[in-house]
Every structure is written in C-alpha cells, then in structure tokens.
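J.: The primary structure of each chain is shown beneath.
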Amino acid sequence: MTTGTTSLDGAVVEFTHARSSVIRVENLQHSYDGRAALKGVSFGVYPAEIFGLLGPNGSGKTTMFRILSTLMLPMGGRAVINGCDAASNPAGLRKQIGVVFQAPSIDVKLSARENLRHVGHLYGMSGSALDKRVDEMLYRVALFDRANDRAETFSGGMQRRLELAKGLLHHPSVLLLDEPTTGLDPGARRDLWQYLAILRDEERVTVIVTTHLMEEAERCDRLAILSEGQLVALGTPTELKNEIGGDVLLLEARKNPEELAVRISQRYGVEATVLDDGKVRLERDQGHRFVTDVVEAFPGEIQSVSVSKPTLEDVFINRTGHRFWTEEQKGAEEKVSGKKKSKKH
Amino acid sequence: MATQVQTIPAPTNVGTLLPSISLWQREIVRFYRQRSRVIGVIVSPVLFWIVIGSGFGSSFRGGNASSQHYLDFFFVGALTMIVLFTSIFAMMSLIEDRNEGFLLTVLVAPVSRSAIVLGKVLGGATLSAIQGLIFLVFAPLVGIHFTIATFGLTALTVFLVAFSLTALGFAIAWPMDSTQGFHAIINLFLIPLWLLSGSLFPLAGASFWIRLLMRINPLTYGTEALRTLLFPFSASPDFPLASSILILGIFSALMFALAFFMANRRTTKPAA
Numbered sequence: 001m002t003t004g005t006t007s008l009d010g011a012v013v014e015f016t017h018a019r020s021s022v023i024r025v026e027n028l029q030h031s032y033d034g035r036a037a038l039k040g041v042s043f044g045v046y047p048a049e050i051f052g053l054l055g056p057n058g059s060g061k062t063t064m065f066r067i068l069s070t071l072m073l074p075m076g077g078r079a080v081i082n083g084c085d086a087a088s089n090p091a092g093l094r095k096q097i098g099v100v101f102q103a104p105s106i107d108v109k110l111s112a113r114e115n116l117r118h119v120g121h122l123y124g125m126s127g128s129a130l131d132k133r134v135d136e137m138l139y140r141v142a143l144f145d146r147a148n149d150r151a152e153t154f155s156g157g158m159q160r161r162l163e164l165a166k167g168l169l170h171h172p173s174v175l176l177l178d179e180p181t182t183g184l185d186p187g188a189r190r191d192l193w194q195y196l197a198i199l200r201d202e203e204r205v206t207v208i209v210t211t212h213l214m215e216e217a218e219r220c221d222r223l224a225i226l227s228e229g230q231l232v233a234l235g236t237p238t239e240l241k242n243e244i245g246g247d248v249l250l251l252e253a254r255k256n257p258e259e260l261a262v263r264i265s266q267r268y269g270v271e272a273t274v275l276d277d278g279k280v281r282l283e284r285d286q287g288h289r290f291v292t293d294v295v296e297a298f299p300g301e302i303q304s305v306s307v308s309k310p311t312l313e314d315v316f317i318n319r320t321g322h323r324f325w326t327e328e329q330k331g332a333e334e335k336v337s338g339k340k341k342s343k344k345h
Numbered sequence: 346m347a348t349q350v351q352t353i354p355a356p357t358n359v360g361t362l363l364p365s366i367s368l369w370q371r372e373i374v375r376f377y378r379q380r381s382r383v384i385g386v387i388v389s390p391v392l393f394w395i396v397i398g399s400g401f402g403s404s405f406r407g408g409n410a411s412s413q414h415y416l417d418f419f420f421v422g423a424l425t426m427i428v429l430f431t432s433i434f435a436m437m438s439l440i441e442d443r444n445e446g447f448l449l450t451v452l453v454a455p456v457s458r459s460a461i462v463l464g465k466v467l468g469g470a471t472l473s474a475i476q477g478l479i480f481l482v483f484a485p486l487v488g489i490h491f492t493i494a495t496f497g498l499t500a501l502t503v504f505l506v507a508f509s510l511t512a513l514g515f516a517i518a519w520p521m522d523s524t525q526g527f528h529a530i531i532n533l534f535l536i537p538l539w540l541l542s543g544s545l546f547p548l549a550g551a552s553f554w555i556r557l558l559m560r561i562n563p564l565t566y567g568t569e570a571l572r573t574l575l576f577p578f579s580a581s582p583d584f585p586l587a588s589s590i591l592i593l594g595i596f597s598a599l600m601f602a603l604a605f606f607m608a609n610r611r612t613t614k615p616a617a
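Protein chains in written order, with my numbering: chain A, 1 to 345; chain U, 346 to 617.
One thing to keep in mind: the hints can contain errors.
Claimed, not checked - Part of the chain A face toward chain U, derived, beta carbon under 10 Å:
1) Y32
2) N57
3) L71
4) A87
5) G92
6) G98
7) F101
8) I106
9) Y123
10) S126
11) L138
12) H170
By construction, these hints were calculated from the structure, which means they are not laboratory data.
Quick caveat, the model's predicted, so the values are computed rather than measured.
Ideal placement from N, C-alpha and C gives every residue a C-beta, glycine not left out.
Okay, chain A solo, but in the shape it has when bound:
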C-alpha cells in the first residue's frame, strides 16, 4: 500500500517513503513550436503497480508517453526507467519496456503468429524459445485458433489483443499503454483491465497507462492527473477522492448563477463556484439534507439539484477550477474517435 505523502509545491515532488521507483520522471518539460505541452512534471512509479496518467486531451499525456517510450527527446528534465535515461540511454531503456500504442501498430498483411515472431526477432529472441513464447502469448490473448490468419481479417478487439501480446512478448518489466481501450467494447475493456491486474500480481509487471476515462482511472493503483501540461494531483483514487469533503452538489440556477453562488457562499460559509457550463458547484457533508435547506432558502431560483459522491472528475475540478470536459471538447472528442483510424495521435 502506498503510504507516502506527496507535496506538490512547485514542480518538485518529495517522496517521503523508502520504496524505490521503477520509473522516475523529474521536471519534464516539452513544447511543440512554442506551445508548451509539459511544464515541469515530476512523479515516480513503484514496482508492480498500475499507474494511471489521467487527463483530458491536450493535457500532456501523449507527450509524456512519447518521451517514456523513447520516440521523442524531452526538452527539459529527465525520464528514467530502471536506471536507464530516456535521452542518454534509449537502447537500454527499450529493453526494459513493452509498448502498446493507441494507434494500430501490427502489420495486417502478416498473420498473428508472423507478427509476434517478427517482434521477437526485433528483441533478439529466436528459435524454439521464441516459438514457445509466441504460442503462450497467443493462448493468453485467446488468438491461438486464429494464429495463422492475417491480422486484416481480425475484429478491432482481436487486433487490440494482438497489440497487447506484441507488447508483452519479450517479458518486459515495464508495460506502457497509451489509451489502450480506444475502440473496444465494454466487455473487451473489462477483459483488458483484468489482464493488466493479473500481470501486476503474477508477473510483477509495472504498468503505466494513459487514459481520459474516469472509470478506467478508478481501476489504477495510483494516479497522476495532468491538466495543461502540469501535474495537478497524485495519489490513489481513494486518497484523492477523500480530499473532497462530503458530497458534491450541482445546482442549476434559474436566473443568474454567479449571483446564486455568491449568496450561497455567504449564507452557508461554503465555497460555491460557477463551472464552465453555468452550474453552481459546492462540496458539503450530508448533501442530501442540504438540498432541502438550499431549495427552501432560495425559492424559485433553483432549477435542479444533483447530489453525488465525489468522483475523480471532482478531484479534477477541485484542483483546476474547471470541468474535465467542456461541452465543446466532448463533441470534438466524439468526432475524433469516430475517425481515429485515419489519424495518428
């Protein structure tokens, strides 16, 4: 269990416990043509944990992933996996990691077995040891009976499983996954996450996974939440949610949300804020009781009220002051995911 406390003053994160990190990211900075994508991010990942990088699009997750997988040099700071620096020792680092990309990376003209054999060769495996390992992985991802079929005949879920088998073939101690459940149906998503847990528990693989989905982030052992290139929260999902006092209330004002927020803040001594979508948000113990109170206190001014247990999105709002998705982003995301096949990254 993680007991360490983390402080987020500035960019430096102090770990007060003795556990050594498999992955260390120190003050990582990057920008694309002057637009900052990472503004000094630091964190550590412990052995055999599932570590999530959660953030909306443009938060810097993919940049982080590219640097960790040695596809790109960082402009500042360091990323180290098992003692190998991504910038100065990429060859050493590459031996440690298995990578599953968001975009497809298998060769669809080759069969499942040929794909895996080929990857094995790239990692210096050969002969009967490789054949045995290929069969083992094909069994594991339930593709053994389709082993000799070309990958172009596979469904999206099967191709994803082949990607995973490819990333794990050479027994990496660290597995990097970039939005691995993109395009998977709920059943296949659940299978993937179960398999990641098995890897962590039985083979002690350290898993680092980027996601923009709250329900996936919930399944991580620890999380780093990124927003606009900065680390805004770090800890277990439970720890993070416990930081929020009580329940979360969202009120829809009939007239002026700003005015309502100010008056609620004054009356109850809580911090009520207006979100991007015009809803008034506040955190309060015993939220269900507070509902009747507030509706009676401001008759005719509240259109609707919702009460919920804090979620990771609340953690995000609490730390950044705005919602995880703006409505505009949500629409854009749906459009993008529809066309994901033709577009990389």
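Given the structure of chain A, go ahead and fit chain U onto it with the hints provided.
T.: Relative to the frame of chain A, chain U by itself:
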C-alpha cells in the same frame, strides 16, 4: 495461467543480423501477398521496353539506325529504368509503415538503427533486383548470351544499382508522412537521374554540359557497366567495368550512410 513469478530477463544483446533478416523477410512476404504488385513486376518491364523502345526507335530512325538497333540500345536503358523506379518506390513502404503504425513497433524495440535501415533497404533492393533480373529473360531476343561470369557480374551490378537507389529512397522517405509528397520529390530526382544516365541516349553524342552531368550521375556508371556486360562490342572505353562497379559500390555505401544518418537522428519532434 502460470502462477510462478517470471524471472526470464529481457534479452541482453540484440544483434544486427537477426532483426535485419526479419525485416527483410517481412518486405518480401508483404510483396507477394499483394497480388497487384507481383503482376506489375512481371508485366511492366516488358511494356516499358517494347512500347518505349519501339516508339523511340521508329521516331528517331534516321540514317542507318534501325528500329531494331535502338531496341538493343534501349534494352539497358529499360533495365536501368525498371530497377531505378522499383528501388525508389519500394521505399514508399516506409511511409506506409509510418502511417500504419508498424514503424513504431520497430522504433521502440532495442534494435540498432542500422539494422532497421539494412533490413528495409535490403528488402527493397532484393525486390527490384529480382525484377531487373526477370527482365533479363528477354536478353536472348536482342542477341545476348550469358556466360556464368557475365551473368554473375550483371546480377552484381543490378544489385548495387538497386541497393544504392533504395537507400536513397529510404533517406528521402524517412522524414515524410505522405506518399504524395514523396512522389513530388522523387519525380524531381528520378527523371533527370534516368534521362542523364545514358539510358535514353548515349553519352558520346551529347553536348559538353550534358556530358559533364552524365559523368557526375552515379547511375551512368550502372548503365555503362551493364552495357559493357551485355553488349561488349558497343562498350565505351571511357568506362572500364571494374571502375564502374567500384564507383557503384562507393555510391551504395554513401547512400547507406545517408539513410543511416537520417534514421539515427533523435529529435524533440515525435518520431512517428
């Protein structure tokens, strides 16, 4: 599944040879699984030679030169053209690999970048050399009869031309992400390279500047070496076979170095 803790370490040393062979093999397998490419390889050389050769031959017929004569002359030109086009366009697969994501797999693997270049370039060069050699089936039609030695040297020359041009194609294709852009750049290179290689018209009759350009063009040495091998009687004394092959070898090494340099760069821009 297995409940014991896996302790098999990641392989410590990945050589260059195994990954190269694997990448080479993949190029070949992908090729024969795309039927249209296979058909193109066999049919297009013949079309090139007959159509362009007879067309030009008839149009330029003047004095004593007969259509048959130009068809002989153009035999080497057609061979060079086939190898040139196939080699450079073979590296379009590099752009496809990049867009289809396959290249990512290779880039995050602990293989040396030279293995990547070697595998890809050898794969492309093999395909275009084979295509060139298939064309030699028609050699007896223009009165060429091979000895084992001349065939061996011809194959070597064809391979060197194929290898150097594939490596050039690799270097050009590496930073690109669209096949359209590749086409545009390649046409800029390809057509002059071929026109000025002694494929279409002989060096001897050209003006001073054109001759100079042809002398600088490495492909000229391929064309001349092939002409010396296939038509020993019309060989130009300016291009001894040994030095032509040597120059082709040096050109190949240079192009490979260029391709390696391109692939070995790591930048702060996304690699794929």
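J.: Hint by hint, note whether the structure agrees.
T.: Going through the hints against the structure:
1. Y32: holds, 8 Å
2. N57: Not OK, violated: N57 of chain A not within 10 Å of chain U, min 16 Å.
3. L71: holds, 4 Å
4. A87: With a minimum Cβ separation of about 8 Å from chain U (threshold 10 Å), the hint on A87 of chain A holds.
5. G92: holds, 8 Å
6. G98: holds, 9 Å
7. F101: Where the cut-off is 10 Å and the nearest Cβ of chain U is about 5 Å from F101 of chain A, the hint holds.
8. I106: holds, 7 Å
9. Y123: holds, 6 Å
10. S126: It holds, given that the least Cβ distance between S126 of chain A and chain U is near 6 Å, below 10 Å.
11. L138: L138 of chain A check fails; min Cβ-Cβ to chain U is 13 Å, beyond 10 Å.
12. H170: Holds. Min distance 6 Å.
Hint compliance for this structure: hints 2, 11 are not met, and every other hint is.
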